[in-house]
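Chains as they are written, first to last, in full-length UniProt numbering: chain W, 1 to 797; chain X, 1 to 292.
Any given hint might turn out to be false.
Said to hold, decoys possible - Here are a few chain W residues that face chain X, going by a calculated C-beta distance under 10 Å:
hint, residue
1, 42
2, 46
3, 127
4, 134
5, 289
6, 658
7, 659
8, 661
9, 691
10, 695
11, 699
12, 701
13, 714
14, 719
15, 721
What the hints assert, rightly or not - Only pairs whose alpha carbons sit at most 16 Å apart, straight line, appear in this in silico EDC-like list of lysine to aspartate or glutamate:
hint, chain 1, residue 1, chain 2, residue 2
16, W, 341, W, 163
17, W, 575, W, 590
18, X, 43, W, 291
19, X, 43, W, 134
20, W, 503, W, 535
21, W, 503, W, 612
Hints were generated in silico from the structure; no laboratory data involved. Ideal placement from N, C-alpha and C gives every residue a C-beta, glycine not left out.
Residues per chain are reported as follows:
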Amino acid sequence: MTIIEERAANPAAGDDDRPIGYGRIQRKEDPRFVRGKGHYVDDIVLPGMLHGAILRSPVAHARIVSIDTSAALAHPGVVAVITGQDLLGLKLAWAPTLSADVQAVLATDKVRFQGQEVAFVVAEDRYAARDALELIEVDYDVLPPVIDVRKALDPGAPVIRDDIEGRTDNHIFDWEAGDAAETDAVFASADVVVSQEMVYPRVHPAPMETCGAVADFEPIEGALTLYETSQAPHAHRTLFAIVSGIPEHKIRIVSPDIGGGFGNKVGIYPGYILAVVGSIVTGRPVKWMEDRSENLMSTSFARDYIMQGEIAATKDGRILAVRSTVLADHGAFNATAQPSKYPAGFFHIFTGSYDLQAAHCKVTGVYTNKAPGGVAYACSFRVTEAVYLVERLVDMLARKLEMDPAELRLKNLIKPEQFPYKNKTGWEYDSGNYEQALRKSMQMAGYDELRREQQEKRDRGELMGIGISFFTETVGAGPRKHMDIVGLGMADGAELRIHPTGKAVVRISVQSQGQGHETTFAQIVAEELGIPPEDIDVVHGDTDQTPFGLGTYGSRSTPVSGAAVALVARKVREKAKFIAAAMLETRPEDLEWEKGRWFVKGDPSVGKTMAEIAMGAHGTVTLPEGIDGNLDAEVTYDPPNLTFPFGAYICVVDVDPGTGHVTVRRFIAVDDCGTRINPMIIEGQVHGGLTDGVGMALMQFIEFDAEGNNLGGTFMDYLIPTALEVPDWETGFTVTPSPHHPIGAKGIGESATVGSPPAIVNAVVDALAPFGITHMDMPCTPARVWEAMQGRPRPPI
Amino acid sequence: MQIPASFDYVRASTVDDALALLDRHGPESRVVAGGHSLLPMMKLRLARPEWLIDINELYELDYVLRDGNTLRVGAMTRHATLLASPEIFRLFPIVADAERVIADPTVRNRGTIGGSLCQADPAEDLSTVCKVLRAEAVIRGPGGERVLSMDDFHRGAYETAVAHNELLCEVRFPIRPRSGSAYEKVERRVGDWAVVAAGAAISLAADGTMDDVAIGLTAVGVAGTVTEAEDLLRGRHPQEDLFLEAGRLAALASKPIADQRGPIDYKRHLADELTRRVLRRAAARAAEAQEG
Ligand SMILES: Cc1cc2nc3c(=O)[nH]c(=O)nc-3n(C[C@H](O)[C@H](O)[C@H](O)COP(=O)(O)OP(=O)(O)OC[C@H]3O[C@@H](n4cnc5c(N)ncnc54)[C@H](O)[C@@H]3O)c2cc1C
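Sequences and hints are given; from them, build the entire structure.
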């Protein structure tokens, strides 16, 4: 029952007063965070709680000859030491991943990446647990590792997954989208073709809070309470039930305040399972919190795509087709989190924002001796890689055609009247007004003036670059008929109760990791019912208190759960109408709604407010047939399509010609996420994502040496940007509501992370144009930029 | 949370007390100053002292004093104090140049000059600064006090002349008239250790020629200063072609290793580029000092 209600832009948006509904209000959750009163997993202390620590493999690939835990067990304070052999007995040594593979909880036969879980110590305190790790003796028979992904499919390559019956190579999957023959035909007859290999290097989400869990198994009831850093508590509960055999109704997952997720907290890590096993074995609650290096070395990485991309066009700049073959490094276990039917996520949106005649992509996934994971880090299921590829290709094409990259884009963007637009790989873009967004960003940037400045600087030998990226995302996964994760449809629920005094509680199935759900979802209810946001409590993160749903990632909270919340509020509003009619002794059809109140048509002075109606519902009013005595409702929302946020970004960089050091001088971001609920939260999401983009473009890289040692295992080696690396963000917006979404909202969580890296790299490459450079891979560190200036840009892997 | 191996802790109240504690607890004890090098190493379990002797209450070592033609800086002086000192900025602008790019404000609020020099990390910035300013290190131990040049103080990567039972107490900087100095560092991100950095100090004779020049490089494996380049410049008037040649010699003298911060050729190039830049700036500052 999708009802689209068009809402005019809220006049209050942008003001500092407190709108009842959409608009700029301060976040409801912030008072507790700014006072240091957030409550995170590591803040949880239960009576009798023990502490776990994980022994991890020092090598990337080795057979385990033996493990001797006796000295560790004898260490003061140690209660239990668990190995893979112990788990085999419990049938818990291997756990299913989110991608139809299995992952070792504790290694039994071999270790397959540096940092892999080998043994688990449970002790009275975390110090004893950590010290005892050093007392476990493991004898490894080191094997040659597969580190260079380009060699993973070589005939003689060591087979990493010999645990899987019949495996003779490291191939995981081939997947394609689009029409190969049609695309080849368009390429064959095109005037101009540009091709380039591009590496999107392995990065890590590195949330401020690392992953962890507190497991509390209560043996009498056979009930498990698991506090964990999870972006998807309900999906985790179902998976825990399936893996552990504990019945689902005996499992409660609580995801308290979460210190950032970015996809890092979607999957179920061995540590969570080990905390549960530890609690079952010892009969006491067990806490496990990983440290920073464990987080960087063993949990979900992101990207790691080697993309061969090609773009075809006419000589006057009409883009005809794109095609790509991708080699995807999935690490030692295929633990990628994405909808089942999409092993390469939504990479096939690599057709970008352009009206094309043909497109085809083929992705090959392989195993290597590196940490597993794959889809993480605010990437909208690989839209990041897709947008980077097409936006770099368009820039390269502009260079080849000697056209301005803005002009080339303007010429090829999908036109407003073409929406809904079916692209060549199967997406239906819901709505867009692309040219308006690009023109707005160019105007904010002073684009022509910047180009003039650049020319003057070039004449003086200074290196200034201007980079554009125009992105279209596909978020809000997704329609159940197409999308599931391990068989669970990607729908989300919402429950709303109006208390007798007119205050409300809305329970949602998605989980905030910092996005401001407690504010945004209260504002959606406020907009629909006219109850002030401060009177609406938003409950999330506890499976005992919230309806089922798949959680927060892929920018899906507002597109999916936001829709559920709007619809549940409308259900309550409809019910309120019947109760108001009974109270006013009139017919429901004679009532009219204004925000917060039903009144008699033609006589606005006669009406009932939501608070009055709530009291009536719970009070003594004689209710009409079929209306029960409350003002509650619930909804599960199955999105009819994804939503397609878009944006136009312009980046200005200066490059030091002597050192190769890149400074991001300006960054203009015009985003269109449809209807805007809280502009301040939107800007916050954009600021964070842009900062992430600077990180990926300029410094972040999880690198491995030839032996498979992770070279990015601390914040000394894995660099994340600070306020000093980023300019004052210049944000702007356009509003093109989604036509199929109840409130027209499209999602904003990942737009900036997706859209900014190509803008920055395009700017760097533009700055290096005097050196004849047409492409360089991320990260654009001073050394790598300097190498490009010497005419020898190098792929990072 | 990363957890160090277990250790005992004691707080020293005076220099003598600290020396006595070092003596009592033997070679497995270490002093902790700002802790910004030692504690990360302990958490990564690269360092496992049995005793930590906290010298943060040795306020007697926290000072910046002018004493005739010497500036005396106590070993417990924090990076932030050095950065904020107008006296240092005026006399030795290289210190401010360097301090601005050492770590971040949090680290600078705690980290000390003594800890920096004693850590002797090959990418540590103040070591280069001290070498270039021809500073001296004042070390105290059971046998009393000794004063060493920076060349004698530094024994290589992570190694200094400070014995286990000694403390670095003071760093002395000679003040020269008509002098200027400068430091420049390339880093991948603010707060990162240097890819390469260079520092230079120039003092001018009355006739405007350079009567002393010092050039130091950070993170490229150069132990002392770049004497070949210094010899070339000494006695000459500052000029661009000489700086070009000095840059070339600095690159030749450097012995960088390839790592995540960059390949060898890039680091050599930076030694050249940054040497030229700091010489130009140091010369300009010396010329200003002469006028002023
Ligand atoms: C994130 C980060 C970034 C950094 N970036 C930089 C950078 O860019 N450039 C840079 O130069 N440095 C950098 N540092 C290092 C920083 O400057 C440290 O503060 C400094 O190296 C050590 O000073 P400390 O007082 O903290 O020493 P501590 O860590 O307390 O001690 C270091 C060592 O010196 C010994 N020691 C300390 N004081 C004395 C003394 N008086 N006598 C004898 N031995 C002593 C200790 O026993 C220990 O072995 C960084 C540090 C961090 C954490």
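Here's how the hints hold up against the structure:
1. 42: holds (8 Å)
2. 46: Because about 18 Å separates residue 46(W) from the closest Cβ in chain X, which is outside the 10 Å limit, the hint is violated.
3. 127: Holds. Min distance 6 Å.
4. 134: holds (8 Å)
5. 289: This interface hint holds because 7 Å falls under the 10 Å limit.
6. 658: Given a least distance of 4 Å, the restraint on residue 658(W) holds.
7. 659: Result: holds, 5 Å to nearest chain X Cβ.
8. 661: holds (6 Å)
9. 691: violated (12 Å)
10. 695: The hint holds - residue 695(W) has a Cβ within 10 Å of chain X, the shortest such distance being about 9 Å.
11. 699: Residue 699(W) check passes; min Cβ-Cβ to chain X is 5 Å, inside 10 Å.
12. 701: holds (8 Å)
13. 714: Holds, about 7 Å.
14. 719: holds (5 Å)
15. 721: At about 7 Å, which falls below the 10 Å cut-off, the nearest Cβ of chain X leaves the hint on residue 721(W) intact, so it holds.
16. 341(W) to 163(W): Violated, because 24 Å separates the two Cα atoms, which is more than 16 Å.
17. 575(W) to 590(W): holds (14 Å)
18. 43(X) to 291(W): Measuring from Cα to Cα gives roughly 10 Å; hence the hint holds.
19. 43(X) to 134(W): Answer holds: residue 43(X) to residue 134(W) is near 14 Å, not above 16 Å.
20. 503(W) to 535(W): Roughly 5 Å separates the two Cα atoms, so the pair holds.
21. 503(W) to 612(W): holds (11 Å)
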